[in-house]
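Could you put the whole structure together from the sequences, leaning on the hints where they help?
If you want the building blocks of each chain, they are given just below.
2 protein chains.
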Amino acid sequence: MISIVILGTGNVAKHLFDAFLAVDQVKILQVVGRSQKQLLEFSKFTEVTTGFQQIKEADIYLIAVSDDAIGEVSGRLANNKGVVVHTSGSYPMDSMLAIERRGVFYPLQSFTKGKKVDFRKIPICLEATLQKDYLLLDHLAHLISDQVFHITSEQRKTIHLAAVFVNNFTNHLYKIGNDLCTEQHIPFELLQPLITETADKINTLNPHEAQTGPAKRGDITTIENHLGLLKNKTQKEIYSLLSNSIKKDYEQEL
Amino acid sequence: MISIVILGTGNVAKHLFDAFLAVDQVKILQVVGRSQKQLLEFSKFTEVTTGFQQIKEADIYLIAVSDDAIGEVSGRLANNKGVVVHTSGSYPMDSMLAIERRGVFYPLQSFTKGKKVDFRKIPICLEATLQKDYLLLDHLAHLISDQVFHITSEQRKTIHLAAVFVNNFTNHLYKIGNDLCTEQHIPFELLQPLITETADKINTLNPHEAQTGPAKRGDITTIENHLGLLKNKTQKEIYSLLSNSIKKDYEQEL
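Chains as they are written, first to last, in the working numbering: chain C, 2 to 255; chain G, 2 to 255.
Treat each hint with caution, since some may be false.
Identical copies carry no separate label here, and so any pair may be met within one copy or between two of them.
[As the list claims (entries may be wrong)] In silico EDC-like links for lysine to aspartate or glutamate, alpha-carbon gap of 20 Å or less:
id : residue 1 : residue 2
1  : K249      : E238
2  : K114      : E198
3  : K122      : D201
4  : K248      : E210
5  : K217      : D68
6  : K116      : D19
7  : K237      : D68
8  : K28       : E252
9  : K202      : D68
10 : K249      : D180
11 : K248      : D180
Derived by calculation from the structure, the hints in this document are not laboratory data.
Structural data, given as structure tokens:
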């Protein structure tokens with residue numbers, strides 16, 4: 002049985018809480034948060050507290066708070082005995098200076114409130130200073146996911162950066178697609194099967210092979226027609242920059 | 002029974018062929034192509050020809066060739082009696098000047114050779130000059146898809162442009178994510194659940210609501226760290242431009 006305390010009440014905290022709650026070999030001793038209101042939904046299943054003085058002894062402390070708050074929260078755990086891990090993509094492990102037994106337990110997914118995810122498919126990126134702690138985290142991670150990886154803080158930085166490209170920026174392209182459709186009274190739903198297929202395709206092809214479109218073909222006429230259609234200056238800039246970047250990738254092959 | 006002739010042997014032609022082959026109410030009389038070799042896989046199921054002189058009389062002629070070739074191919078069909086439609090996202094219907102009974106039958110999807118798609122979910126965008134032809138196309142489209150839309154040539158231009166953003170450009174962002182991972186010896190598979198979830202999310206949230214990340218939060222520290230990590234000049238430009246574009250969207254709300 003692994004005992005854990007979760008610090009934080011946001012999306013990551015809630016999704017991890019739900020995943021661990023479903024596992025017999027894990028006991029969630031406590032959830033720690035700043036707001037009684039946010040703690041309410043956890044209190045049906047375990048103990049909750051707003052006070053750092055009341056924190057229980059546990060095997061693992063999971064910090065699931067915003068990056069800005071990790072330093073302070075981890076500092077408060079300096080006298081506890083268990084391993085202290087944060088769940089952030091970009092915060093370096095060694096920045097939790099006050100903690101000797103420190104680690105990272107980073108689930109690589111974008112969580113949305115109220116939207117269930119299949120945790121077994123979510124990659125969990127692990128790191129720890131001590132090998133025995135790494136093994137404990139590895140054991141814990143495998144209880145909820147089939148995708149567990151050893152990732153250094155340096156690699157994690159790159160993963161987080163790559164995630165910004167494939168998640169945040171991709172979503173922004175969807176947003177531009179949505180705006181263009183709205184202007185012409187076209188339901189955005191029309192684009193959804195294409196969006197799904199685009200994401201699905203790279204399970205079987207690598208993105209370089211999967212590329213299609215006017216920029217890849219070097220179809221200047223279509224590119225100019227598209228730029229002519231775009232009224233918004235930023236959209237034009239994005240169209241040009243991404244088209245040129247695609248063109249460059251395929252010109253190199255000639 | 003609707004009789005059709007398909008002109009073209011590429012991905013769109015092949016996927017439409019497969020979809021119509023599975024429908025009792027459609028008879029594919031012929032597939033017309035330039036290369037005997039490409040026609041081979043169709044010849045097991047229907048007649049094939051490389052000669053425009055041998056084209057049969059049909060209710061509908063489906064042109065599934067590259068945009069550059071639509072003008073020439075449609076011109077050769079000027080003396081046939083059926084409705085002539087092309088399947089392109091960007092080619093205006095009225096550019097098929099020689100054809101009186103003209104229309105568009107545009108399946109909005111990115112087809113990959115050998116990768117099956119569920120045609121019932123693929124939006125089909127229809128247009129025709131004559132109402133009776135529109136009704137025929139509408140009937141034909143519903144035989145293979147549940148998503149049939151009347152879309153003008155003007156709207157279709159915008160859809161095609163929006164598709165470049167959500168498909169071609171999105172795939173390019175995946176490619177950058179892949180490159181970043183490769184440099185740091187991180188398996189790209191780690192990002193795939195995130196990519197799937199990002200695409201899936203906009204089935205329930207609109208992309209504006211679904212946006213997350215440092216640019217939306219105005220988290221300058223993370224943005225600067227990311228720009229510091231990027232070595233490639235074009236990747237830096239893409240990161241800055243997209244981050245600024247996201248920032249602008251959310252600043253307007255303050």
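Going through the hints against the structure:
For the identical chains of this complex, K249 and E238 are neighbours both inside a copy (16 Å) and across copies (14 Å), given an alpha-carbon limit of 20 Å. In this assembly of identical chains, the alpha carbons of K114 and E198 lie at most 20 Å apart only when taken from different copies (13 Å versus 25 Å within one copy). Taking CA atoms no more than 20 Å apart as the test, K122 paired with D201 passes in both settings, with 15 Å inside one copy and 15 Å between copies. In the homo-oligomer, the alpha carbons of K248 and E210 lie at most 20 Å apart inside one protomer (14 Å), although the nearest pairing across protomers, at 32 Å, exceeds that limit.
In the homo-oligomer, the alpha carbons of K217 and D68 lie at most 20 Å apart only across protomers (15 Å), although the nearest pairing inside one protomer, at 39 Å, exceeds that limit. In this assembly of identical chains, the alpha carbons of K116 and D19 lie at most 20 Å apart only when taken from the same copy (12 Å versus 36 Å across copies). Taking CA atoms no more than 20 Å apart as the test, K237 paired with D68 passes in neither setting, with 34 Å inside one copy and 23 Å between copies. For a Cα distance limit of 20 Å, the shortest separation of K28 from E252 qualifies neither inside one copy, at 56 Å, nor across copies, at 43 Å.
Within a single copy, K202 and D68 get their C-alpha atoms no closer than 33 Å, and across copies no closer than 24 Å, so neither meets the 20 Å cut-off. Taking the shortest alpha-carbon separations for K249 and D180, only the inter-copy value of 14 Å comes in at or below 20 Å, while the best intra-copy value is 28 Å. With identical chains, the CA atoms of K248 and D180 are at most 20 Å apart between copies only, with a shortest distance of 16 Å across copies and 25 Å within one.
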